[in-house]
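Undergrad: Sequence:
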Amino acid sequence: MLRNGFEPWHLLVVLAVIILLFGSKKLPDMARGLGKSMRILKAETKALREDDAPPPAAPADGTAQSTATEQPRPAVTPTTVTTAAEATRTTDKA
0 MLRNGFEPWH LLVVLAVIIL LFGSKKLPDM ARGLGKSMRI LKAETKALRE
50 DDAPPPAAPA DGTAQSTATE QPRPAVTPTT VTTAAEATRT TDKA
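Read left to right, the sequence shown gives residues 0 to 93 (numbering that gives the first Met the number 0).
Source of the hints: derived by calculation from the structure; they are not laboratory data. Please note that the accuracy of each hint is not assured.
To be verified - Pairs of lysine-lysine residues, derived as DSSO-like cross-links and limited to a Cα-Cα distance of at most 27 Å, are as follows:
1) K35 with K25
2) K25 with K41
3) K35 with K24
4) K45 with K35
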């Protein structure tokens, strides 16, 4: 009965049904959305593989490489912010 599985005419029938259901105007949008989601999936799986990779080994001479979190942060000087309403209040009093 189903000895050969799918034949080329089966695929043509399936394609015709898809075009009838969704219309020829929506098919390019659907294909574009599928392509975007496949790119996102590929990027996420690549990121997961990189997260699972072991960290690089330390140099043989024993010096450690510093990262951004290990470096000291510059001191931040506080600044005062004057709003326009405060500026007009101080000039009106004078």
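Undergrad: It remains to establish, for every hint, whether it holds in the given structure.
TA: Hint check:
Distance restraint check for K35 and K25: the Cα-Cα separation of roughly 16 Å lies within the 27 Å cut-off, and the hinted pair is therefore satisfied. Between the alpha carbons of K25 and K41 the distance comes to roughly 24 Å, so the proposed pair stays at or under 27 Å and holds. With a C-alpha separation of about 18 Å, the suggested pair K35 and K24 falls inside the 27 Å cut-off, and the hint holds. Between K45 and K35 the CA atoms are separated by roughly 15 Å; this keeps the pair inside 27 Å, and the hint holds.
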